[in-house]
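Student: Here the protein sequences line up with chains A and B, keeping their order.
With UniProt numbering, the residue at position 93 of the first sequence is 93, and numbering never jumps.
With UniProt numbering, the residue at position 244 of the second sequence is 244, and numbering never jumps.
Simulated from the structure, these hints should not be mistaken for laboratory data.
Don't take each hint at face value.
[Claimed, not checked] The list that follows gives simulated cross-link-like pairs (lysine to any residue, SDA-like), each with its CA atoms no further than 25 Å apart:
1) Lys145/B <-> Glu258/A
2) Lys143/B <-> Gly93/A
3) Lys66/B <-> Asp296/A
4) Lys280/B <-> Phe249/B
5) Lys145/B <-> Asp192/A
6) Lys173/B <-> Asp192/A
7) Lys239/A <-> Asp192/A
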Amino acid sequence: MSAITSRKLTMAKAIAEAISLEMERDPRVFVMGEDVGVYGGIFGATAGLYEKFGPERVIDTPISEAGFIGAALGAAMEGMRPIVELMFVDFFGVAMDQIYNHIAKNTYFSGGNIRVPLVLMTAVGGGYNDAGQHSQCLWGTFAHLPGLKVVVPSTPYDAKGLMISAIRDDNPVIYMFHKGLLGLGWMTLIKDSTGPVPEEPYTIPFGKAEVKREGKDVSIISVAMGVYQALEAAKELEKEGISVEVLDLRTLVPLDREAIINTVKKTHRVLVVDEDYLSYGMSGEVAATVVEHAFDYLEAPVKRLAVPDVPIPYSRPLEQFVLPSSSKIVNAVKELLRS
Amino acid sequence: MNIPKETLMRMYLEMVTIRLYEETMAEAYQEGKYPVFNIASGPVPGEMHLAAGQEPVAVGVCMHLKKEDAVVGTHRPHHFAIAKGVDLKRMTAEIFGKVTGLGRGKGGHMHLFDPDVHFSCSGIVGASIPQAVGAALAFKMRKEKRVAVAFFGDGAANQGTFHEGLNLAAIWKLPVVFVCEDNSWAISVPKEKSTAISQNADRAVAYGIPGVYVGENDVLAVYEAAGEAIERARQGGGPTIIEVKTDRFFGHFQGDPEVYRPKDEVQRLKQNDPIKRFRKYLIENDIATENELKQLDDEARKRVEEAFLFARESPYPAPEEALLHVFVE
Numbered sequence: 001m002s003a004i005t006s007r008k009l010t011m012a013k014a015i016a017e018a019i020s021l022e023m024e025r026d027p028r029v030f031v032m033g034e035d036v037g038v039y040g041g042i043f044g045a046t047a048g049l050y051e052k053f054g055p056e057r058v059i060d061t062p063i064s065e066a067g068f069i070g071a072a073l074g075a076a077m078e079g080m081r082p083i084v085e086l087m088f089v090d091f092f093g094v095a096m097d098q099i100y101n102h103i104a105k106n107t108y109f110s111g112g113n114i115r116v117p118l119v120l121m122t123a124v125g126g127g128y129n130d131a132g133q134h135s136q137c138l139w140g141t142f143a144h145l146p147g148l149k150v151v152v153p154s155t156p157y158d159a160k161g162l163m164i165s166a167i168r169d170d171n172p173v174i175y176m177f178h179k180g181l182l183g184l185g186w187m188t189l190i191k192d193s194t195g196p197v198p199e200e201p202y203t204i205p206f207g208k209a210e211v212k213r214e215g216k217d218v219s220i221i222s223v224a225m226g227v228y229q230a231l232e233a234a235k236e237l238e239k240e241g242i243s244v245e246v247l248d249l250r251t252l253v254p255l256d257r258e259a260i261i262n263t264v265k266k267t268h269r270v271l272v273v274d275e276d277y278l279s280y281g282m283s284g285e286v287a288a289t290v291v292e293h294a295f296d297y298l299e300a301p302v303k304r305l306a307v308p309d310v311p312i313p314y315s316r317p318l319e320q321f322v323l324p325s326s327s328k329i330v331n332a333v334k335e336l337l338r339s
Numbered sequence: 001m002n003i004p005k006e007t008l009m010r011m012y013l014e015m016v017t018i019r020l021y022e023e024t025m026a027e028a029y030q031e032g033k034y035p036v037f038n039i040a041s042g043p044v045p046g047e048m049h050l051a052a053g054q055e056p057v058a059v060g061v062c063m064h065l066k067k068e069d070a071v072v073g074t075h076r077p078h079h080f081a082i083a084k085g086v087d088l089k090r091m092t093a094e095i096f097g098k099v100t101g102l103g104r105g106k107g108g109h110m111h112l113f114d115p116d117v118h119f120s121c122s123g124i125v126g127a128s129i130p131q132a133v134g135a136a137l138a139f140k141m142r143k144e145k146r147v148a149v150a151f152f153g154d155g156a157a158n159q160g161t162f163h164e165g166l167n168l169a170a171i172w173k174l175p176v177v178f179v180c181e182d183n184s185w186a187i188s189v190p191k192e193k194s195t196a197i198s199q200n201a202d203r204a205v206a207y208g209i210p211g212v213y214v215g216e217n218d219v220l221a222v223y224e225a226a227g228e229a230i231e232r233a234r235q236g237g238g239p240t241i242i243e244v245k246t247d248r249f250f251g252h253f254q255g256d257p258e259v260y261r262p263k264d265e266v267q268r269l270k271q272n273d274p275i276k277r278f279r280k281y282l283i284e285n286d287i288a289t290e291n292e293l294k295q296l297d298d299e300a301r302k303r304v305e306e307a308f309l310f311a312r313e314s315p316y317p318a319p320e321e322a323l324l325h326v327f328v329e
């Protein structure tokens, strides 16, 4: 999937570029949310758009999530293609009725007669001591609800291609960018999270996971920050002669179950790394997929590394205790190989 | 107000159609639910919220709307849908859960979507408001002279979406009209116990928009107030909130024991039946003859009968259709 280009972008710039290209191409596309205009988005995902397209198409809203997310639905149903930013995914509660009772269901209730082509983009992830109202991932919550596509990019290249696919999709898409991967000056920089991005528009299909590293002893399945932690762990484990395959799911809805099954058939051991809560979430869904479709290929029970069903705590030692990390992944892989 | 006879006759026809529709639906709803009331039984299962008595609001407003204008209704949506011109046969089939319905039986009575006439509704109180704001935003962005209307009850005016939606519409000066049906009851809670002020129209002051209270359940009074607001919206003058005092003849839902309501209230409200009064008005002012109105009564009856017949005779969807339409392809 890697394109031939030497230009490197942060994920935030890749997202803003994707939106800009689509706004040039399609007059129906517009952006709405808190601080998306003059400020350029708290996480930079709309930087430069206001200057380029003006206040008519890059609309700063009041702090009224139920109002403007509901309005995005109304505009989408009348033929526009809004991109609406929910600043932190943690704020979903005040607008959840519009999201899950309406955005997710109107197409179904209409027997397919209503299209809801909107993108709800939102920041996820912790690791910077912001506590549990600003650090959650919650992709499992949205993926659980039928009617929403859920996209979680891990690289700038994927972020651009998946955003363009999201905007062109006739269905509602929840597009979740991890704060730690955006290339923000005020976050710990993840080496390699800035990457090559072609200048022209391109799409990446939903439901296609990507093998980020080939291996034969164990498969690590993850998204977003977990992909980087898995790759780092894989390098460590390689020194000890353990060959790790890393699979980046990229979208949770649709989920590339075939890629999950294929990697299990190859390595026979699976670790799921999930920055979301452990129970009833992504890690459980992946484990269930493996058990249902590739049980006979397993040489050990599926292992899960996820937030252990507590809110994300503030204090550094507490937060580091609950979040996945490359060293925890190394240990988990070794346990998996012993079992 | 000088209203053409043709318009007045259409108002009458639409109101009578709504009334007959709701009465017919009430009967159909009872089928299979006697002597033991089980909400899941009969040809029309589930909750059923009927709007008999509230016809003036829907008709007085929608009479000004064009096909391309958008309406977002409530959990009690039939009168709005009929007044907006939703296909009556497919709407009824939807309520009967049939494959010929607007949503192929997936939405039912509270989830009627007819994109041909830009009608939608929702089972969630207050949900209509931001969605109509969004439709109006789309119209304004595309410089189309179209208007969106959000209908909601007085109970919804205490939801956050009301305040967020009105503020958004006001700051963006959108072509939207907010129409609050004040039927005095939020299920069982009377307005004076739920709402800090007596008229939600007064809340317009907080958003710097016009607020109009129509104090009588009268189609002509609604028509006049709505005409001004819709024209203002269409010409770029921004939003208006209109609140109409109206009457709910049935319970909140069919089967509602209505223990909260004084026993004689409905009888008293029916003395002031808005359709009977309008009929009298048309005759006493020599606008229409008994015979002309009788013809409209017959036409309404025919429309309703045909719709219910279509619904009853239509097939149910194949069970596996439940797996379709989560996403558009």
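Student: Each of the hints needs a verdict: does it hold here or not?
Tutor: Here's how the hints hold up against the structure:
Note on Lys145/B and Glu258/A: the hinted pairing is violated, with a Cα-Cα distance of about 49 Å set against a maximum of 25 Å. A hinted pair counts as satisfied when its Cα atoms are at most 25 Å apart, and Lys143/B with Gly93/A does not qualify at roughly 33 Å. Taking the CA atoms of Lys66/B and Asp296/A, the gap is about 62 Å. The hint is violated against a cut of 25 Å. The suggested pairing of Lys280/B with Phe249/B holds, with an alpha-carbon distance near 20 Å, which does not exceed 25 Å.
A distance of roughly 50 Å separates the Cα atoms of Lys145/B and Asp192/A; the hinted pair therefore is violated under the 25 Å criterion. The straight-line distance between the Cα atoms of Lys173/B and Asp192/A is roughly 46 Å, outside the 25 Å bound, and the hint therefore fails. Between Lys239/A and Asp192/A, the direct Cα distance comes to roughly 20 Å. Compliance with the 25 Å bound is thereby established for this hinted pair.
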